[in-house]
Amino acid sequence: MALRLLWASRVASHLRISVAQRGFASAVLKDLKYADSHEWVKIEGTKATFGITDHAQDHLGDVVYVELPDVGLTVSQGKSFGAVESVKATSDINSPVSGTVVEVNKELTESPGLVNSSPYDQGWIVKVELSDAGEAEKLMDSDNYSKFCEEEDAKH
Amino acid sequence: MSLSRAKDLGLPLMNLVRLKGIPILEQLHLEERLLRTSSHNWCIVNDGTNVPTIVMGMSGKPAQLLELGPVMEDRVPVIKRFTGGGTVIVDKSTLFVSFICNKDDVPNVQPYPRSVMAWSGSLYGEVFKGINGFQLRENDYVFGDRKFGGNAQSIIRNRWIHHTSFLWDYNVRNMAYLKLPSRVPQYRLERDHTDFVCKMKDYIERSDFVEKTIKAVGNQFALKQVNLKDIDSYTEAENNLKTTRLLTLEELEKAMADTS
Numbered sequence: 115m116a117l118r119l120l121w122a123s124r125v126a127s128h129l130r131i132s133v134a135q136r137g138f139a140s141a142v143l144k145d146l147k148y149a150d151s152h153e154w155v156k157i158e159g160t161k162a163t164f165g166i167t168d169h170a171q172d173h174l175g176d177v178v179y180v181e182l183p184d185v186g187l188t189v190s191q192g193k194s195f196g197a198v199e200s201v202k203a204t205s206d207i208n209s210p211v212s213g214t215v216v217e218v219n220k221e222l223t224e225s226p227g228l229v230n231s232s233p234y235d236q237g238w239i240v241k242v243e244l245s246d247a248g249e250a251e252k253l254m255d256s257d258n259y260s261k262f263c264e265e266e267d268a269k270h
Numbered sequence: 024m025s026l027s028r029a030k031d032l033g034l035p036l037m038n039l040v041r042l043k044g045i046p047i048l049e050q051l052h053l054e055e056r057l058l059r060t061s062s063h064n065w066c067i068v069n070d071g072t073n074v075p076t077i078v079m080g081m082s083g084k085p086a087q088l089l090e091l092g093p094v095m096e097d098r099v100p101v102i103k104r105f106t107g108g109g110t111v112i113v114d115k116s117t118l119f120v121s122f123i124c125n126k127d128d129v130p131n132v133q134p135y136p137r138s139v140m141a142w143s144g145s146l147y148g149e150v151f152k153g154i155n156g157f158q159l160r161e162n163d164y165v166f167g168d169r170k171f172g173g174n175a176q177s178i179i180r181n182r183w184i185h186h187t188s189f190l191w192d193y194n195v196r197n198m199a200y201l202k203l204p205s206r207v208p209q210y211r212l213e214r215d216h217t218d219f220v221c222k223m224k225d226y227i228e229r230s231d232f233v234e235k236t237i238k239a240v241g242n243q244f245a246l247k248q249v250n251l252k253d254i255d256s257y258t259e260a261e262n263n264l265k266t267t268r269l270l271t272l273e274e275l276e277k278a279m280a281d282t283s
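Going down the list, the sequences are from chains S and H.
The number in our numbering is simply the position in the first sequence, starting from 1, with 114 added.
The number in our numbering is simply the position in the second sequence, starting from 1, with 23 added.
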């Protein structure tokens, strides 16, 4: 766990954002927004980068394949656009925002495990040109997402 | 348990579809459609499929997983399915059981692979009670250290599918179409197919297995039998969402050529 917090701190330092310390829980980075389907998004002007959270990768297990969307695809908030495969399961990735895909992380084709080892940094999945910047208001901030994860895990 | 008794207990409803000899491609298309366009829970039992067919997981690469020369020469159909997991060759002796569930109707199960897998292991533990050596081992159903059931899943926002192909019996010749995969469970060690798998028929009667499975499901859900012809009324109109597909001969030829 100490290693995980050290990793999160290094990532945050690289991304110039601060880390929410959650003790033994998954890492959650401040200044990102989060969907209830466990995707994170970083918004920079009219562009957004997103991937799946540390909570998601931890629960999914070792990712062995990422189904990337085509550049140019239109994505809609809350709708699936791709999938990750971990051992026996495919799991939908849902878009946290609406827009058009402008870049995909091709590194994931050869190294899908980046989603596990670096979910907020090298394991980013898609960059989009936003079609509705206001949609981000519907997403959770880091504190609310942390609580959301704790509540979800506490139910089981 | 009767449907009314189950409903009295507040058990969630699950539609039971019993099929026999349905082509595996048709079964998988049905499952994908029910997962994505129905809001009901489903248990699908298909007693055998019509012709020997190879079924790969979503990310399966034919050149890595199959002996392509014999597969093409013998014109064995190859399907890529919408769920994860490995490669199997199925035929009329294979038994298929699939569960499609709303996550809220199985509240003690988190919609993640390990949790769903554990739930399935517990359910089949009831089915195989009294049969020595049954366990869920890594992600397979085994008797001792020999696999007889292979699992795969797909998880979407609020629903998941867990489906299994049970190796009732097998033809050693058919096993020869499959290569030893690069990703294997630890307990396999370096055994080839025939030393790694076992035949379910050596452990339980076929009808006994099906009835015990339905009974185990009925302990958690209120079961309602639905005929295949009535399924359309439970789903939204299809919108070409099928990702499960039959690979073309051209695709297999290209896969083989790319490795030469």
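These are computed hints drawn from the structure, not numbers from a lab.
Fair warning: there could be bad hints in the mix.
Said to hold, decoys possible - Quick list of in silico lysine to any residue cross-link-like pairs, SDA-like style, CA-CA up to 20 Å:
1. H/Lys126 / S/Glu264
2. H/Lys265 / S/Leu187
3. S/Lys193 / H/Asn125
4. H/Lys126 / S/Leu187
Verification of the hints:
no. : hint                : verdict
1   : H/Lys126 / S/Glu264 : holds, 18 Å
2   : H/Lys265 / S/Leu187 : holds, 18 Å
3   : S/Lys193 / H/Asn125 : holds, 17 Å
4   : H/Lys126 / S/Leu187 : violated, 29 Å
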